[in-house]
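Student: Chains as they are written, first to last, in the numbering used here: chain A, 1 to 237; chain B, 1 to 237; chain C, 1 to 237; chain D, 1 to 237.
Since the hints were made in silico from the structure, they are not lab data. Wrong hints could be hidden among the right ones.
The list cannot tell twin chains apart, which means a pair is met if one copy fits it or any two copies do.
[What the hints assert, rightly or not] Straight-line Cα separation of at most 25 Å, BS3-like style, residue types lysine-lysine; simulated pairs:
| hint | residue 1 | residue 2 |
| --- | --- | --- |
| 1 | K9 | K168 |
| 2 | K213 | K168 |
| 3 | K20 | K168 |
| 4 | K20 | K63 |
| 5 | K47 | K125 |
Protein chains: 4
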Amino acid sequence: MTTVAEAQKMAGPTLPVLDKGFIRLDAYEASDLSVVNAARVSFAKHKSAIEEEDVGLIRFLMKGRHTSPFEHGYFRFHVKVPIMVVREWHRHRTWSFNEWSGRYSVLQPEWYVPARDDIRHQVGKPGAYTFERVEEDGLARWVQDKVNRSCEEAFEAYELMLQRGIAKEQARLVLPVNTYTEMYASVDPLNLMRFLSLRNTEHAMFEIREYAKAMEELVKPIIPVTMEAFIAQGRML
Amino acid sequence: MTTVAEAQKMAGPTLPVLDKGFIRLDAYEASDLSVVNAARVSFAKHKSAIEEEDVGLIRFLMKGRHTSPFEHGYFRFHVKVPIMVVREWHRHRTWSFNEWSGRYSVLQPEWYVPARDDIRHQVGKPGAYTFERVEEDGLARWVQDKVNRSCEEAFEAYELMLQRGIAKEQARLVLPVNTYTEMYASVDPLNLMRFLSLRNTEHAMFEIREYAKAMEELVKPIIPVTMEAFIAQGRML
Amino acid sequence: MTTVAEAQKMAGPTLPVLDKGFIRLDAYEASDLSVVNAARVSFAKHKSAIEEEDVGLIRFLMKGRHTSPFEHGYFRFHVKVPIMVVREWHRHRTWSFNEWSGRYSVLQPEWYVPARDDIRHQVGKPGAYTFERVEEDGLARWVQDKVNRSCEEAFEAYELMLQRGIAKEQARLVLPVNTYTEMYASVDPLNLMRFLSLRNTEHAMFEIREYAKAMEELVKPIIPVTMEAFIAQGRML
Amino acid sequence: MTTVAEAQKMAGPTLPVLDKGFIRLDAYEASDLSVVNAARVSFAKHKSAIEEEDVGLIRFLMKGRHTSPFEHGYFRFHVKVPIMVVREWHRHRTWSFNEWSGRYSVLQPEWYVPARDDIRHQVGKPGAYTFERVEEDGLARWVQDKVNRSCEEAFEAYELMLQRGIAKEQARLVLPVNTYTEMYASVDPLNLMRFLSLRNTEHAMFEIREYAKAMEELVKPIIPVTMEAFIAQGRML
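Okay, chain A solo, but in the shape it has when bound:
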């Protein structure tokens, strides 16, 4: 599996996420100008550079939810991420994905352990949960130990089964959902923003939000006017 250090040596900016994961912008073709040109083709107009008035146009499109001009771009990410985060990510059906396969290769003993400050209690009722940081140091450390020990044992069982020739796809049955995996994920700017509108909010699971925040940082410099308009209206789209 790719380490954070290895990812940082590859092309494109990389941000570390959680304890062992990362998100790397592998490639892109996107610009505020392409939003403007896609919108102005309604009037058979074309520009070769963005102008002052176009900032207003992008804001108008965003506000009125005229979304189609935001589809004409592309981002490709390379991500190292725990399975239970991928599980939510894969529900976004407008993305393209290719992921590490536990059927074809041996999974490595790397799993997500929450940082001391990210361990939390759940308070309230379904539909209205809030989370509170675990204050007691002893409890937080106990959780980290519990997670580590449980995952170690699962990987031991996995490796024992592999040693006795059991099929990879069957041996991995026991592996936990916090096991790290790796994927390529492609998306257009509109559907990237739709991902952020659901995943970079206080209602999102903490762990996926960490990826969403990092993603937002990576794309901001590429489509600055678009992202500013998006954030200004509360990431609603």
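Guided by the hints, dock chains B, C and D onto chain A, whose structure is given.
Tutor: Then chains B, C and D, alone, in the frame of chain A:
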């Protein structure tokens, strides 16, 4: 979580799958006639019953990959299924899904253990794997024990963390990918056949193929001409 | 081509739209209960009838834009509609369509002529157009004549080319975009509401809005709680 | 509306298509390497340059219809094209589109007239049509005249209605389906190939095939190994 027995008391036919799972056809609106009418609208023709010549039409559409008339129908399934099977299922982006949430409710200690005859070795290279049944009885039983013991321990750790008030979404980090979950899954006939063309073949993972086979049994009586034509051409579409 | 009278004899309710078109609900499988069950599977709960508390649940889902439970249903429409309306309809990429083909069959000389009261002036600037009814009777009648005469001439040229053996797909080059066509169109409840949120508003083109309004009437009795919640929040989703 | 000459001065290669249309590759981010990396992430492998063995991998993926690695790329086209061709293009629901709007701006009197050698008879039955070039010079010229005259008259009626203040969206009712329009169209490599597999074949309408052929020429130098493998297996995918 719904048991197989409970599912069998609900509306619609239910087939048990694997050791504790099921697939239930919750509802549908599909027919060979609707395929025919969608195709014949190309000539502004409409029929109220299927006729002999229409069997030929459906075969012609299937063979020539004129796929759009097969989209005008609907199946809704209720499924109990291990997470690692759902992971593959969710990659089919034309389906609609709602799944049991480990963020909102406590997951139950039910996990998939392969039947004695389904435990297998993996032989060959990536891109050309084959699987061979584990012949040695002792080894097969050892695998079942290993899986059971590992999952029991994971659920113990989970429950201990819940008892100390840790958030559900965080306590479940240690749960294995063979944990049973439950979902509603909706699809049109074309994309159901596309699922089968990838998942009801010898290249598919055994466990998802079991669901694909059961799904095929459930829909065959509803769109018999369509399914016969599909199967006759090797489930290629 | 199917007449309004013929459509009204087929199964399912039919509403006439514009001067010669219609929308017929050919079949469906949808209910408020299926929304509820798709939502409650998050907690592994299942109901066989909708209850008082479920009304609140549907409103909660709608308000919070928890959209996935609204995908588990199905509507199939049979529509007679002018080409320039289909052009907008086809931009809704989550629908399934099959349409009458001008390549395979001879198109019939039926075209849309706006009713006297629907003839309008366009006032204002791009992004902020408003429309005003043409008050002058003479002008309105002149427009109707102009449209009729122009379309008659186009169909004459079409038929002359067909008589001399020119390919249908080429002869139809001269036919106008208000020519009536016919299609089957399938969609789930969520994406039906998304269609309405864009097409049953004052910003929509008058002609497509007529279809959207009729569609809304047809589905309201089938998913009454869902539609009421949708309309109550201004058809925003 | 953009002329072919103007398009040729913009960034990216432009090919003229039909009598007044063009297809211009506005921008892209695609490579054979990104296909390889998306496939190799199944084994958590990454490459920074394509090697000999990767050619075989791409062919293996294509042949076995392992399609997902072909989704990780992007092409954006700027196209001038008659409406009846756009009508077929828009049925490809995995593309993103923005098109010139006859609601917001005045359409220009440019329409498609088939070249003398492209005027054709239609022979045979539905499902098995063939087309034969019109041999008789007089007939071919008569068709061109007929098309031109009919379109001139339609545009005259259009302009008269505009002069009297009728709304653009209503005046254009009389305009023919061979009127040129302009659009931006974005797609990933897989869905571009799926477009070609349906539109660059002898069963496709001549006019859309001309665009498909030009598109194929534009992308071949960018993903040469992928396109060679695709063409080698008869453009089936």
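Student: Checking against the hints above, which ones are violated?
Tutor: Those not satisfied are hints 1 and 4.
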